[in-house]
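Just so you know, the protein sequences line up as chains A and B, in that order. All residue numbers for the first sequence refer to the UniProt record's numbering, where the first residue is 1 and numbers rise by one. All residue numbers for the second sequence refer to the UniProt record's numbering, where the first residue is 1 and numbers rise by one.
Hints were generated in silico from the structure; no laboratory data involved. Glycine residues also receive a C-beta, built at the ideal position from the N, C-alpha and C atoms. Wrong hints could be hidden among the right ones.
[To be verified] To spell it out: a stretch of chain B is covered by chain A in this simulated footprint if at least three of its residues, at any positions, have a beta carbon under 8 Å from a beta carbon of chain A; those stretches are:
1. 184–194
2. 294–302
3. 307–314
4. 337–346
Protein chains: 2
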Amino acid sequence: MSLYAVILCGGRGERFWPRSRRRCPKQFISLFGSTSLLQLTDERMRGLCPAPRRLFVAPGGFRELVERQVRPRPGNLIIEPAGRNTAPAIALAAAHLIERDPDAVMAVLPSDHIITGQRAYEASLRLAVAQAGRGRLVTFGIPPTRPDTGYGYVQLGPKLGGRGRLTAHRVAAFREKPDAATAVRYVKSGDYLWNSGMFVWRADAVLAAFERLLPEFHDRLAACRRAGMTDRAVRALYRHAPAISIDYAIMEKADNIAVVRAGFGWDDVGSWLALERHLPASPGGNHFRGPAAALGAENCITDTDTGVIALLGTRDLVVVRSGDAVLVAHRDALGRMRELLKQLELLPAGRREL
Amino acid sequence: MSLYAVILCGGRGERFWPRSRRRCPKQFISLFGSTSLLQLTDERMRGLCPAPRRLFVAPGGFRELVERQVRPRPGNLIIEPAGRNTAPAIALAAAHLIERDPDAVMAVLPSDHIITGQRAYEASLRLAVAQAGRGRLVTFGIPPTRPDTGYGYVQLGPKLGGRGRLTAHRVAAFREKPDAATAVRYVKSGDYLWNSGMFVWRADAVLAAFERLLPEFHDRLAACRRAGMTDRAVRALYRHAPAISIDYAIMEKADNIAVVRAGFGWDDVGSWLALERHLPASPGGNHFRGPAAALGAENCITDTDTGVIALLGTRDLVVVRSGDAVLVAHRDALGRMRELLKQLELLPAGRREL
Numbered sequence: 001m002s003l004y005a006v007i008l009c010g011g012r013g014e015r016f017w018p019r020s021r022r023r024c025p026k027q028f029i030s031l032f033g034s035t036s037l038l039q040l041t042d043e044r045m046r047g048l049c050p051a052p053r054r055l056f057v058a059p060g061g062f063r064e065l066v067e068r069q070v071r072p073r074p075g076n077l078i079i080e081p082a083g084r085n086t087a088p089a090i091a092l093a094a095a096h097l098i099e100r101d102p103d104a105v106m107a108v109l110p111s112d113h114i115i116t117g118q119r120a121y122e123a124s125l126r127l128a129v130a131q132a133g134r135g136r137l138v139t140f141g142i143p144p145t146r147p148d149t150g151y152g153y154v155q156l157g158p159k160l161g162g163r164g165r166l167t168a169h170r171v172a173a174f175r176e177k178p179d180a181a182t183a184v185r186y187v188k189s190g191d192y193l194w195n196s197g198m199f200v201w202r203a204d205a206v207l208a209a210f211e212r213l214l215p216e217f218h219d220r221l222a223a224c225r226r227a228g229m230t231d232r233a234v235r236a237l238y239r240h241a242p243a244i245s246i247d248y249a250i251m252e253k254a255d256n257i258a259v260v261r262a263g264f265g266w267d268d269v270g271s272w273l274a275l276e277r278h279l280p281a282s283p284g285g286n287h288f289r290g291p292a293a294a295l296g297a298e299n300c301i302t303d304t305d306t307g308v309i310a311l312l313g314t315r316d317l318v319v320v321r322s323g324d325a326v327l328v329a330h331r332d333a334l335g336r337m338r339e340l341l342k343q344l345e346l347l348p349a350g351r352r353e354l
Numbered sequence: 001m002s003l004y005a006v007i008l009c010g011g012r013g014e015r016f017w018p019r020s021r022r023r024c025p026k027q028f029i030s031l032f033g034s035t036s037l038l039q040l041t042d043e044r045m046r047g048l049c050p051a052p053r054r055l056f057v058a059p060g061g062f063r064e065l066v067e068r069q070v071r072p073r074p075g076n077l078i079i080e081p082a083g084r085n086t087a088p089a090i091a092l093a094a095a096h097l098i099e100r101d102p103d104a105v106m107a108v109l110p111s112d113h114i115i116t117g118q119r120a121y122e123a124s125l126r127l128a129v130a131q132a133g134r135g136r137l138v139t140f141g142i143p144p145t146r147p148d149t150g151y152g153y154v155q156l157g158p159k160l161g162g163r164g165r166l167t168a169h170r171v172a173a174f175r176e177k178p179d180a181a182t183a184v185r186y187v188k189s190g191d192y193l194w195n196s197g198m199f200v201w202r203a204d205a206v207l208a209a210f211e212r213l214l215p216e217f218h219d220r221l222a223a224c225r226r227a228g229m230t231d232r233a234v235r236a237l238y239r240h241a242p243a244i245s246i247d248y249a250i251m252e253k254a255d256n257i258a259v260v261r262a263g264f265g266w267d268d269v270g271s272w273l274a275l276e277r278h279l280p281a282s283p284g285g286n287h288f289r290g291p292a293a294a295l296g297a298e299n300c301i302t303d304t305d306t307g308v309i310a311l312l313g314t315r316d317l318v319v320v321r322s323g324d325a326v327l328v329a330h331r332d333a334l335g336r337m338r339e340l341l342k343q344l345e346l347l348p349a350g351r352r353e354l
């Protein structure tokens with residue numbers, strides 16, 4: 001029973017515009033230092049999976065970026081004809097793996113998270129693999145550090161395994177993104193963890209779950225497998241694939257779910273505000289990546305690779321300069337980034353910068 | 001009695017950073033279109049003064065910029081050893097001119113103003129020249145369009161000449177920058193004009209005023225003239241020259257002053273906020289020069305030559321991208337620009353951008 005890393009390389013890269021672009025989303029850029037989030041994800045798995053057991057799933061448009069950044073072994077880059085959220089990508093990877101190794105256990109890993117604490121990470125994965133060996137679909141829950149309303153939460157059920165602070169549990173319930181008061185209650189209770197989007201399971205177990213919960217898609221996948229998983233067969237599969245997340249398609253409905261309480265540091269770097277958690281603070285509560293000067297500025301974040309960003313009397317702003325584009329956003333408005341990019345599409349100069 | 005244009009090309013260019021830089025202040029940049037403010041100033045005088053009668057005064061560091069932009073005739077670029085405000089520059093130009101033409105009348109013109117209405121401009125200058133012919137020191141007063149507290153004001157005295165709306169007056173008083181309530185009273189009264197910093201006088205008349213009001217400097221200037229105005233003599237003159245404005249040194253103290261009520265449009269483009277007066281408004285009261293996109297932005301000004309500036313949920317900001325530098329300033333904080341640039345001097349990357 002071998003562990004395979006399945007690193008998901010899709011994603012639109014809108015929330016980190018203009019550092020991320022449609023052709024180069026967040027997972028491919030170096031938010032800190034010179035290593036991309038994808039490369040960091042790949043490196044984290046080296047101790048558990050040698051290169052032949054590290055697979056990557058990406059839409060065709062990202063093939064070159066993935067090949068350049070992590071050099072997958074031949075056959076280990078699975079190309080999707082189009083992005084269709086996580087469920088089809090995971091099913092496709094499971095179908096590939098089970099042909100290769102009927103006992104394969106797969107760790108499904110987004111490529112755009114920041115994780116700290118390598119030993120704890122590997123220990124958490126080993127516990128998850130042990131649970132997966134019993135046929136369970138294992139998710140990772142992150143002990144919340146703030147009452148964030150941007151995440152789904154997993155309510156812990158009875159303990160299944162592990163010891164000390166590193167334990168596996170049944171899942172009492174999945175909870176959608178809560179309101180602020182509910183989030184405070186979740187965090188205080190200690191019974192709720194953030195739903196991380198990282199999973200471990202046997203390939204056959206997740207395919208069985210697809211068969212039960214998404215039978216039509218599973219039938220098409222079976223046909224694709226009978227056709228030898230050719231490019232043409234995969235294109236046909238994706239033509240009718242539902243754009244649906246694995247959480248919604250499988251996790252919230254299956255009954256053999258376990259959650260591992262993660263002992264590692266985790267950040268899904270969901271918006272520019274995440275930089276505050278990873279950059280030292282300057283006077284005024286500002287956080288600067290790259291050259292910056294500030295006078296009378298408070299609670300601002302700047303990011304630039306070259307030149308300088310100068311702030312004068314500003315508050316609560318995110319200022320990013322990348323390539324020829326400059327973003328100036330109020331921190332409370334970052335949730336409307338997608339709308340802003342739609343406006344940019346209308347500009348000739350803006351379209352070049354998307 | 002011939003008219004000479006004396007165009008003052010000094011100035012630090014701090015308030016339009018980062019479009020203006022220390023090596024290329026505001027008068028040398030193209031705030032609108034492709035012609036610099038200096039070039040526009042030069043062009044405005046072509047109808048009144050042929051090239052041999054258009055002179056330029058500039059610190060040595062700006063020699064190349066002036067030569068490239070307006071190609072002065074030989075001998076018509078007067079180099080100052082250093083910037084020393086307007087009084088020494090004007091005295092130096094007057095000393096040059098009087099050697100050339102004892103009856104010279106000089107129009108002293110800052111090179112960084114925006115002026116509209118060429119016919120009215122020329123008519124105002126002709127009226128000023130007629131007053132200067134009677135030995136008066138003539139300033140131009142601009143009918144105020146708002147109760148601006150950033151300008152000095154000139155109080156009109158009895159009429160001396162002109163007709164209709166174009167008239168020359170004695171000056172009842174010069175008033176320092178007023179407080180807001182006083183400025184409102186000035187504008188309502190109709191008796192106060194903005195002090196424009198443009199002047200017309202005979203070279204001998206202004207030198208006589210220097211002799212009476214700044215006798216020590218005038219003695220040194222006389223010695224400089226006796227030495228043939230060599231570079232060495234001018235350097236010696238400037239070593240002790242007071243850094244003082246012509247308003248403070250001469251205009252506020254002389255008794256033979258006249259003011260011409262200007263009939264032309266005038267803007268000294270004192271800060272980035274001036275762009276609002278010269279750019280069309282976009283929805284939300286924003287003003288954009290160069291490519292820009294905005295969502296939920298109000299009362300902002302952007303300026304860029306390349307790329308795009310994207311605003312998301314911001315208010316009351318000035319955002320300028322020029323070269324590698326980005327400025328993001330609250331509009332109420334622009335008065336602290338000089339302090340900000342001092343901070344930039346402390347940064348290696350910032351110093352390159354000054």
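Worksheet entry | Unsatisfied constraints (hint numbers, rising) | 1
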